[in-house]
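Participant: Chains as they are written, first to last, in our numbering: chain A, 1 to 322; chain B, 1 to 340; chain C, 1 to 308.
The hints are simulated quantities; they were obtained by calculation from the structure and are not laboratory data.
Among the clues, some could well be false.
Stated by the list, open to error - Derived pair list, reagent style DSS-like, types lysine-lysine, alpha-carbon separation capped at 25 Å:
1. B:Lys64 x A:Lys216
2. B:Lys92 x A:Lys222
3. B:Lys88 x A:Lys222
4. B:Lys64 x A:Lys132
5. A:Lys216 x B:Lys92
6. C:Lys149 x B:Lys282
7. C:Lys292 x C:Lys277
8. C:Lys251 x C:Lys28
9. B:Lys88 x A:Lys216
10. B:Lys66 x A:Lys218
11. B:Lys92 x A:Lys233
12. B:Lys64 x A:Lys218
13. B:Lys92 x A:Lys218
14. B:Lys35 x C:Lys265
15. A:Lys28 x A:Lys72
16. B:Lys70 x B:Lys35
17. C:Lys280 x C:Lys251
18. C:Lys10 x C:Lys65
19. C:Lys123 x C:Lys107
20. B:Lys66 x A:Lys222
21. C:Lys108 x C:Lys123
22. A:Lys233 x B:Lys88
23. B:Lys66 x A:Lys216
24. C:Lys264 x B:Lys35
25. B:Lys130 x A:Lys222
26. C:Lys264 x C:Lys251
27. A:Lys222 x B:Lys64
28. A:Lys222 x B:Lys70
29. C:Lys292 x C:Lys65
30. A:Lys218 x B:Lys88
31. A:Lys233 x B:Lys64
32. B:Lys130 x A:Lys233
33. C:Lys251 x C:Lys292
34. C:Lys270 x C:Lys251
35. C:Lys251 x C:Lys297
It should be emphasised that the depicted structure is a prediction, and the values quoted were computed from it without experimental measurement.
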Amino acid sequence: MLKFILRRIMMMIPQLLILSILVFALAKAMPGDALTGQLAQSPKMDANTLMEMREKLGLNDPVHIQYVRWVKNLLHGDLGLSYIHQQPVTDLLSGRLANTLLLSACVLLLTYLIAIPLGLVSGRWQDSWADKLIVGYSYVSFATPLFIFALVMLFVFGFKLGWFPTGGSVDIQVEKGTLDYYINKFYHLLLPALSGALIGTVGIIQYLRSEIIDTKVKDFVKTARAKGIPESKIYSHHILRNSFLPIAAFLGYEITGLIGGSIFLESIYSYPGLGQLFLQSIMQRDYSVVTALVMISGLATLIGTLLSDIILSAVDPRIRIE
Amino acid sequence: MSNQPVLQIENLRVSFRVHDAYYAAVDGVSLNVHKNEVLAVVGESGCGKSALALSIMGLHPPAKTKLEGKILFHGTDLLSLSVHELNKIRGKDIGMIFQDPLTALNPLMTVGRQIEEGMDFHLSLSSLEKRGRTIELLERVGIPNPNQVYHRYPHELSGGMRQRIVIAMAIACHPSLIIADEPTTALDVTIQSQIMDLLRELQQQMNTGIVLITHDLGVVAEMADRVAVMYAGEIVEMADVYTLFDRPLHPYTRSLLQSIPSAQHPKERLHVIQGIVPPLQKLPRTGCRFRSRIGWIDESEHEEQPILREVEPGHFVRCICYKNFHFPHDHIGDMKYGIS
Amino acid sequence: MEFLKVNHLKVYYPIRSGFFRRVVGHVKAVDDISFQLNRGETYGLVGESGCGKTTTGRTLIGLIKATAGEILLEGKDLAKLNRRERSYHRKDIQMIFQDPYSSLNPKKRVLDIIAEPIRNFEKLSPQEEKRKVQYLIERVGLHPDSIYKYPHEFSGGQRQRIGIARALTLHPKLIIADEPVSALDVSVQAQVLNFMKDIQTEFQLTYLFISHDLGIIRHMCDRIGIMYRGQFVEEGASQEIFNNPQHIYTKRLISAIPNVDPRKKQEQIKLRQHVEKEYKLSWQRYFNAEGKAYPLKRISDTHSVAIL
Numbered sequence: 001m002l003k004f005i006l007r008r009i010m011m012m013i014p015q016l017l018i019l020s021i022l023v024f025a026l027a028k029a030m031p032g033d034a035l036t037g038q039l040a041q042s043p044k045m046d047a048n049t050l051m052e053m054r055e056k057l058g059l060n061d062p063v064h065i066q067y068v069r070w071v072k073n074l075l076h077g078d079l080g081l082s083y084i085h086q087q088p089v090t091d092l093l094s095g096r097l098a099n100t101l102l103l104s105a106c107v108l109l110l111t112y113l114i115a116i117p118l119g120l121v122s123g124r125w126q127d128s129w130a131d132k133l134i135v136g137y138s139y140v141s142f143a144t145p146l147f148i149f150a151l152v153m154l155f156v157f158g159f160k161l162g163w164f165p166t167g168g169s170v171d172i173q174v175e176k177g178t179l180d181y182y183i184n185k186f187y188h189l190l191l192p193a194l195s196g197a198l199i200g201t202v203g204i205i206q207y208l209r210s211e212i213i214d215t216k217v218k219d220f221v222k223t224a225r226a227k228g229i230p231e232s233k234i235y236s237h238h239i240l241r242n243s244f245l246p247i248a249a250f251l252g253y254e255i256t257g258l259i260g261g262s263i264f265l266e267s268i269y270s271y272p273g274l275g276q277l278f279l280q281s282i283m284q285r286d287y288s289v290v291t292a293l294v295m296i297s298g299l300a301t302l303i304g305t306l307l308s309d310i311i312l313s314a315v316d317p318r319i320r321i322e
Numbered sequence: 001m002s003n004q005p006v007l008q009i010e011n012l013r014v015s016f017r018v019h020d021a022y023y024a025a026v027d028g029v030s031l032n033v034h035k036n037e038v039l040a041v042v043g044e045s046g047c048g049k050s051a052l053a054l055s056i057m058g059l060h061p062p063a064k065t066k067l068e069g070k071i072l073f074h075g076t077d078l079l080s081l082s083v084h085e086l087n088k089i090r091g092k093d094i095g096m097i098f099q100d101p102l103t104a105l106n107p108l109m110t111v112g113r114q115i116e117e118g119m120d121f122h123l124s125l126s127s128l129e130k131r132g133r134t135i136e137l138l139e140r141v142g143i144p145n146p147n148q149v150y151h152r153y154p155h156e157l158s159g160g161m162r163q164r165i166v167i168a169m170a171i172a173c174h175p176s177l178i179i180a181d182e183p184t185t186a187l188d189v190t191i192q193s194q195i196m197d198l199l200r201e202l203q204q205q206m207n208t209g210i211v212l213i214t215h216d217l218g219v220v221a222e223m224a225d226r227v228a229v230m231y232a233g234e235i236v237e238m239a240d241v242y243t244l245f246d247r248p249l250h251p252y253t254r255s256l257l258q259s260i261p262s263a264q265h266p267k268e269r270l271h272v273i274q275g276i277v278p279p280l281q282k283l284p285r286t287g288c289r290f291r292s293r294i295g296w297i298d299e300s301e302h303e304e305q306p307i308l309r310e311v312e313p314g315h316f317v318r319c320i321c322y323k324n325f326h327f328p329h330d331h332i333g334d335m336k337y338g339i340s
Numbered sequence: 001m002e003f004l005k006v007n008h009l010k011v012y013y014p015i016r017s018g019f020f021r022r023v024v025g026h027v028k029a030v031d032d033i034s035f036q037l038n039r040g041e042t043y044g045l046v047g048e049s050g051c052g053k054t055t056t057g058r059t060l061i062g063l064i065k066a067t068a069g070e071i072l073l074e075g076k077d078l079a080k081l082n083r084r085e086r087s088y089h090r091k092d093i094q095m096i097f098q099d100p101y102s103s104l105n106p107k108k109r110v111l112d113i114i115a116e117p118i119r120n121f122e123k124l125s126p127q128e129e130k131r132k133v134q135y136l137i138e139r140v141g142l143h144p145d146s147i148y149k150y151p152h153e154f155s156g157g158q159r160q161r162i163g164i165a166r167a168l169t170l171h172p173k174l175i176i177a178d179e180p181v182s183a184l185d186v187s188v189q190a191q192v193l194n195f196m197k198d199i200q201t202e203f204q205l206t207y208l209f210i211s212h213d214l215g216i217i218r219h220m221c222d223r224i225g226i227m228y229r230g231q232f233v234e235e236g237a238s239q240e241i242f243n244n245p246q247h248i249y250t251k252r253l254i255s256a257i258p259n260v261d262p263r264k265k266q267e268q269i270k271l272r273q274h275v276e277k278e279y280k281l282s283w284q285r286y287f288n289a290e291g292k293a294y295p296l297k298r299i300s301d302t303h304s305v306a307i308l
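Chain A extracted, bound-state conformation (with noise of 0.2 Å):
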């Protein structure tokens, strides 16, 4: 097992290689270089000092060479500076890097909490009207945008009944630490992370729908009914293991899905987190932050897929690897 996560963790190295290689040329690409951003803050520094700088901060060096040190740097855990924050992109991520994985891990929860009850009435109870209902909700949030919906969520529990704070992830006044500071973060990140997982949920209830209804009928099941085993015991020990398999397979996958989510949510929340500061940057052209931003969720992605595999090998005893 642990040879398993070894060699899948070496088979991550070369997608990292590519995946530094194309934000790099990315970064590359774009209009102006670093200096840009700072020449846009002191708009009278002459072309002579601006050619010191650049030969200063080795951007007139070859691109090989540029990109080695990037990626020094990188590994040293420098991502450069935000031109337009004027500190270093690091403390800038720190703080809500943090929130946003809370408010990522708020929504997984509530996406399973909500997903999975409501998928195993509907497999199990398949053609019920409960089922009918369930699937009438999910085929409407389907059809919803999450920004609308997490706007219209906003609307109406924020600021019509007032039931739900409109923004930021803490009430300035609460002391940090304390109780009250923790149920006031949390406070804060309920009705963003309920409007991303009424709608993220969909997938999942549709998915594990039809795998309860593909493994009820199943063989193996029907030799559990001609043990005599009662219709309880036999979904709790046969069926919804086996249908939870791809949707544990689904997690890591899901994990990447919510890095875009979040871009949408923190924006409409004006929640501080990575997914705001996204959108930010982008608008001001604070390309540091952008590519720091790009390799993270690329990171993300890779861990979303790798942690996939370790769960699938972990409850699936036939991809059990030694």
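With chain A's structure known, arrange chains B and C on it following the hints.
Facilitator: Showing chains B and C alone in chain A's frame:
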């Protein structure tokens, strides 16, 4: 053989819903199985033999199936039981062996666990006792290293081993009746003979009755005490195995026997049954159902309402068309490919 | 000259293991087999699942690449031909598959299914093509109008005959039939087997008949090769193999066939027990330390066995 049959099926009709109408796949079948007896139900695909087997175990989806008649197991009508009551019988007093050991086992559960599972509900044993019994069962069905195999997953075992596991599951609680649905069809010949030997041996040890569903007349000849031949949902002939092979009467039985290439009795040309088994919805429900496939026999030779008649003690045949039945003289005509 | 000659055919698949997926060994699906087919005969390849019989068939038709060995069709080595020659010779070998349900494209009409090989090799006008397909479809016992139907409108036996019609379109010399009737009911089986015998003389076909069913093999074949773990353990005329099996594995296979005579039940069980005992006692006579069969040794003009 004791007098009281283990299983008595009376006028069973199993109908499946296709769109909005029900069509009988098993149409008025009556039969008995005694203790220590193997009754083979033989026929080609679509004759209703598997539907019959599954209805004994209550394994048809209730929403799409209509069951009429009686299935008496030790005098209790299984069709009148609730699922809860049926669950106390199936797996305990009736065991089932399925055709494909690859799909009949849960891929995510160790074989030991799958054998024990039935015991959880039928026997009150401690987990240690259950385990002991499972190991014993594995030994009994001829599995080497039962202690290791106990922890194995189905995919780690060969097809023959898996079928032994399925058999161990079926006999785990000492059933008095075993339903075996094509138990050797998915296996290689040498494995098939081993499994047949094993079933015979277990049956003699435990005095169980066996309903053996098969399409293979060789398996019938080796395993069965009595045989019921099914065609289009009905039993067309029933007799003890010697009578059936010595004096087959019904045209369908005779045609079947003529159509198999046999390693022991080679023949130059095989008999071809003309036409095809009509699909469920188009099945003729009146008259001799086999008449369209022996078109050279005059209509007047058939009965209008054929019944299963005892023509000699213990030998039942449906319809009187057997009396003047003959194979077509023109064996090698162009009709032999059964243009339909 | 032999019609088809197979010399030392090997098909190996690498087994990879370890951190760097190094090749640590080979699965020897087909391990050095040699046999030959005479023109017009039916040669049976028998064995249990995993013995390599299907791999052999697929290698002959070019679906699988041979690791080593020669396949000579009428004296020409198929592996050494250039592309054009090979496609020309490929016409001479056709295949009939096991499952008539999955081997016919459900979205195509029978006309298109049968005409497909013609379209690849011959330029015919639509009328000529239709006439040819209708001729073939009549030959396999189906109504000429059925060329406009789709596969699902036919029964299993009829579909298998459509598959045969497709194989016949290019006037092949050799037909490889891989378990052609195992998916069919016995009465339908009879139909297809009779039919295969009929067209054999009419179209002057040579068959390589692959099956696990010894009853069918005996019915169909003139000569038989018994395969076990990628090797031949016995080869000879059908009569000799069935009446006088020499290798313990052949004996096991033959004794395992259920006898259709219920009065022979006990006899059959005894025979099986006897063979099983012999198998355990004299294992070394038939297999080496690795469980592999020995090279074939000729014991009569038409009979070879793999013993020491």
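Participant: Give a verdict on every hint.
Facilitator: Consistency of the hints with the structure:
Proximity of B:Lys64 to A:Lys216 is assessed by CA-CA distance (about 15 Å); at most 25 Å being required, the pair is judged to hold. For the suggested pair B:Lys92 and A:Lys222, the alpha carbons sit about 15 Å apart, so the restraint of at most 25 Å is met. For the proposed pair B:Lys88 and A:Lys222, the alpha carbon gap of about 16 Å is at most 25 Å, so the pair holds. Straight-line distance between C-alpha atoms of B:Lys64 and A:Lys132 comes to about 19 Å, which keeps the hinted pair within the 25 Å bound.
Under the criterion of a C-alpha separation no larger than 25 Å, the hint pairing A:Lys216 with B:Lys92 is consistent with the structure, at around 22 Å. Between C:Lys149 and B:Lys282 the CA atoms are separated by roughly 20 Å; this keeps the pair inside 25 Å, and the hint holds. Of the pairs offered as hints, the one joining C:Lys292 and C:Lys277 holds, with about 20 Å between alpha carbons and a cut-off of 25 Å not exceeded. Using a Cα cut-off of 25 Å, the hinted pair C:Lys251 and C:Lys28 holds, with the two alpha carbons roughly 24 Å apart.
The straight-line distance between the Cα atoms of B:Lys88 and A:Lys216 is roughly 21 Å, inside the 25 Å bound, and the hint therefore holds. For the suggested pair B:Lys66 and A:Lys218, the alpha carbons sit about 21 Å apart, so the restraint of at most 25 Å is met. Note on B:Lys92 and A:Lys233: the hinted pairing holds, with a Cα-Cα distance of about 17 Å set against a maximum of 25 Å. Between the alpha carbons of B:Lys64 and A:Lys218 the distance comes to roughly 17 Å, so the proposed pair stays at or under 25 Å and holds.
With a C-alpha separation of about 22 Å, the suggested pair B:Lys92 and A:Lys218 falls inside the 25 Å cut-off, and the hint holds. Among the hinted pairs, B:Lys35 with C:Lys265 is consistent with the structure: their alpha-carbon atoms are about 21 Å apart, no more than 25 Å. Only pairs whose Cα atoms come within 25 Å are accepted, and A:Lys28 paired with A:Lys72 is accepted, the gap being roughly 17 Å. This hinted pair checks out: B:Lys70 and B:Lys35 have alpha carbons roughly 19 Å apart, not beyond 25 Å.
Of the pairs offered as hints, the one joining C:Lys280 and C:Lys251 holds, with about 13 Å between alpha carbons and a cut-off of 25 Å not exceeded. Note on C:Lys10 and C:Lys65: the hinted pairing holds, with a Cα-Cα distance of about 10 Å set against a maximum of 25 Å. In summary, the hint linking C:Lys123 to C:Lys107 is supported, as the alpha carbons are separated by about 24 Å, within the 25 Å threshold. With a C-alpha separation of about 18 Å, the suggested pairing of B:Lys66 with A:Lys222 holds against the 25 Å cut-off.
In summary, the hint linking C:Lys108 to C:Lys123 is supported, as the alpha carbons are separated by about 20 Å, within the 25 Å threshold. The suggested pairing of A:Lys233 with B:Lys88 holds, with an alpha-carbon distance near 14 Å, which does not exceed 25 Å. A threshold of 25 Å between alpha carbons decides the hint, and for B:Lys66 with A:Lys216 the separation of about 20 Å falls inside it, so the pair holds. Annotation: proposed proximity of C:Lys264 to B:Lys35 holds, straight-line Cα distance about 24 Å (limit 25 Å).
The straight-line distance between the Cα atoms of B:Lys130 and A:Lys222 is roughly 22 Å, inside the 25 Å bound, and the hint therefore holds. At most 25 Å may separate the alpha-carbon atoms for a hinted pair to count; C:Lys264 and C:Lys251 meet this at roughly 17 Å. The suggested pairing of A:Lys222 with B:Lys64 holds, with an alpha-carbon distance near 16 Å, which does not exceed 25 Å. For the given pair, A:Lys222 sits about 22 Å from B:Lys70 by alpha-carbon distance, which is consistent with the 25 Å threshold.
The straight-line distance between the Cα atoms of C:Lys292 and C:Lys65 is roughly 23 Å, inside the 25 Å bound, and the hint therefore holds. Note on A:Lys218 and B:Lys88: the hinted pairing holds, with a Cα-Cα distance of about 22 Å set against a maximum of 25 Å. Between A:Lys233 and B:Lys64, the direct Cα distance comes to roughly 23 Å. Compliance with the 25 Å bound is thereby established for this hinted pair. Restraint check for B:Lys130 and A:Lys233: the C-alpha separation of about 18 Å stays at or below 25 Å, so the hint holds.
Taking the CA atoms of C:Lys251 and C:Lys292, the gap is near 17 Å; set against the 25 Å cutoff, the hint holds. Proximity of C:Lys270 to C:Lys251 is assessed by CA-CA distance (about 13 Å); at most 25 Å being required, the pair is judged to hold. A threshold of 25 Å between alpha carbons decides the hint, and for C:Lys251 with C:Lys297 the separation of about 17 Å falls inside it, so the pair holds.
When held up to the earlier numbered hints, the structure conflicts with none and fits them all.
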